[in-house]
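Peer 1: From first to last, the protein sequence lines stand for chains A and B. First residue of the first sequence: 1, per the numbering used here; consecutive thereafter. First residue of the second sequence: 1, per the numbering used here; consecutive thereafter.
Among the hints, a few may not be true.
Which copy is meant is left open, because identical chains are indistinguishable; a pair holds if it fits in one copy or across any two.
[As the list claims (entries may be wrong)] Here are the computed lysine to aspartate or glutamate pairs in the EDC-like style, where the Cα-Cα straight-line distance is at most 16 Å:
(1) Lys15 / Glu40
(2) Lys30 / Glu40
(3) Lys3 / Asp81
(4) Lys8 / Asp32
(5) Lys70 / Asp81
(6) Lys3 / Glu113
(7) Lys134 / Glu87
(8) Lys59 / Glu80
(9) Lys15 / Asp32
(10) Lys55 / Glu90
(11) Lys112 / Glu90
(12) Lys55 / Glu128
(13) Lys133 / Glu80
Honestly, the hints are just simulated from the structure, not real lab data.
There are 2 protein chains.
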Amino acid sequence: MGKSILNKVKINSLKIIRSPNGNVIRILRKQDLKNWNFKEAYFSTIKFNKIKAWKFHLKMTLNLVVTKGKVKFVFYSKNEDRFRVIEIGEKKNIRLSVPPRIWFGFEGMSKKESTILNLTNFQHSSREILRCKKNNIKFNW
Amino acid sequence: MGKSILNKVKINSLKIIRSPNGNVIRILRKQDLKNWNFKEAYFSTIKFNKIKAWKFHLKMTLNLVVTKGKVKFVFYSKNEDRFRVIEIGEKKNIRLSVPPRIWFGFEGMSKKESTILNLTNFQHSSREILRCKKNNIKFNW
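Just chain A, same shape as in the assembly:
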């Protein structure tokens, strides 16, 4: 993929501190990201086979962890007309860091509803988001 903007989506393994009564799993320290200040944390839930697409953040860097179920994330580079697909389940202990200015969508892949935790550096605002309809970017979900 070389210099594709899609390479800026980073897959980070979460550090697990094991303990007999239950582990501790580190999601994110402020120092892990440059020029990132916490503004908001929220969950997005997604039902089985349902799709939320497409969104494009002008400023927000997302930090995504699947806390329940399994989710397929699709990232799209318009300039390259190229997709990147990353599927994550709750067992994977992975954080996706997604910089702004990348089109993305996601689909619920487990029969029970899936939940995504998002830690962001901008408060949710419709002025900061571009949207387009699912069919306006052709992807074979």
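Keeping the supplied structure of chain A fixed, place chain B upon it in accordance with the hints.
Peer 2: For chain B alone, kept in the frame of chain A given last:
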């Protein structure tokens, strides 16, 4: 409970933004807390009927959300020799904000392992935590 320090543990209902494909649930905005700056996010897992107790943070304000299962939190005021018990399941959509200088412990209450999300304003450090053994504070778990 009047002026008990235990009243400083705040129970906040999370705001739910409903949507047909899956809801959005707001956990925390920076502006919701005074003098609080994000430093670290982590999950703590706790097995069924297992107990992690007791801890006392000198500086850290905890923001706790149960993302899986059900957890009993117990807070203890040494000065008053008084307990406060708060049980939360993943369905409750509640955030506990716990200021520093309160002894606390927690127990896993669901047969599957439970998971707690914690958003904190200090990085984990043993120098910032006092600990005592479970039996040193008498509580009927």
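Peer 1: The structure should be examined with respect to each hint, and the outcome stated for every one.
Peer 2: Hint by hint, here is what the structure shows:
no., hint, result
1, Lys15 / Glu40, "between (22 Å within a copy, 13 Å between copies)"
2, Lys30 / Glu40, "both (13 Å within a copy, 6 Å between copies)"
3, Lys3 / Asp81, "within (14 Å within a copy, 62 Å between copies)"
4, Lys8 / Asp32, "within (15 Å within a copy, 31 Å between copies)"
5, Lys70 / Asp81, "neither (26 Å within a copy, 45 Å between copies)"
6, Lys3 / Glu113, "neither (35 Å within a copy, 42 Å between copies)"
7, Lys134 / Glu87, "neither (19 Å within a copy, 41 Å between copies)"
8, Lys59 / Glu80, "neither (21 Å within a copy, 48 Å between copies)"
9, Lys15 / Asp32, "within (12 Å within a copy, 28 Å between copies)"
10, Lys55 / Glu90, "neither (23 Å within a copy, 28 Å between copies)"
11, Lys112 / Glu90, "both (12 Å within a copy, 14 Å between copies)"
12, Lys55 / Glu128, "within (10 Å within a copy, 41 Å between copies)"
13, Lys133 / Glu80, "neither (19 Å within a copy, 59 Å between copies)"
In summary, the structure is inconsistent with hints 5, 6, 7, 8, 10 and 13 from the numbered list given earlier, while agreeing with the others.
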